[in-house]
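The whole structure should be built from the sequences, with the hints applied where relevant.
For reference, the chains in residue letters:
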Amino acid sequence: MTRSELIATIAQRNPHLYHRDVERIVTTIFEEISSALASGDRVELRGFGAFSVKRRGARVGRNPRTGASVSVEAKAVPFFKTGKQLRERLNGE
Amino acid sequence: MVEKTVTRAELSEAVYQEVGLSRNESADLVEAVLGEMSDALTRGESVKISSFGSFSVRQKGERIGRNPKTGEEVPILPRKVLVFRPSHVLKNRINANLKD
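Chain order of the listed sequences is W and R. Quick note: the first sequence uses this note's numbering, first residue 75, plus one each step. Quick note: the second sequence uses this note's numbering, first residue 3, plus one each step.
The list that follows gives simulated cross-link-like pairs (lysine-lysine, DSS-like), each with its CA atoms no further than 27 Å apart:
#1 K50(R) - K62(R)
#2 K158(W) - K71(R)
#3 K82(R) - K128(W)
#4 K71(R) - K82(R)
#5 K155(W) - K128(W)
#6 K155(W) - K62(R)
#7 K62(R) - K128(W)
#8 K155(W) - K6(R)
#9 K93(R) - K50(R)
#10 K128(W) - K149(W)
Everything labelled a hint here was simulated from the structure, so no lab data went into it.
In structure tokens form, the structure reads like this:
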């Protein structure tokens, strides 16, 4: 399922809404999650899952081909933990 | 920086502000979006949201685990797990903000 298929499904189930509004709804949701993560906040959607930002410290890495040391800068990575309800659904419980 | 937690309430409020539906309907639509995504994933489909990331279901085989407290071996049954791969756009955005 892609973003546009998601929009199409929601639009089909809600014939009273303009397609354009459904697009804005979906865009707003992901924009809101992204901007929260960009400000370092957590997003917790009970039953679905939680998004958070994990910080990785600077480290000395190696070029696996040459073995040369390279410094890797500190960075932050988005992380998703599946919610209990969705995890159980995936496993048919 | 004080860390906040964004929940369904904030997502619904954002939809309400942005689209101009009632608060109730905004909340229902946030739920519908999460519901459609969950349904697709439960069917085994992956969900790809451009410039955000993709969710996919991975099948894990059975393996032998250990109870860390007792050292006892316990089988971990085969199961399905959901993996989220953030898009480059999202990763870059998160890093750009942290450097400021």
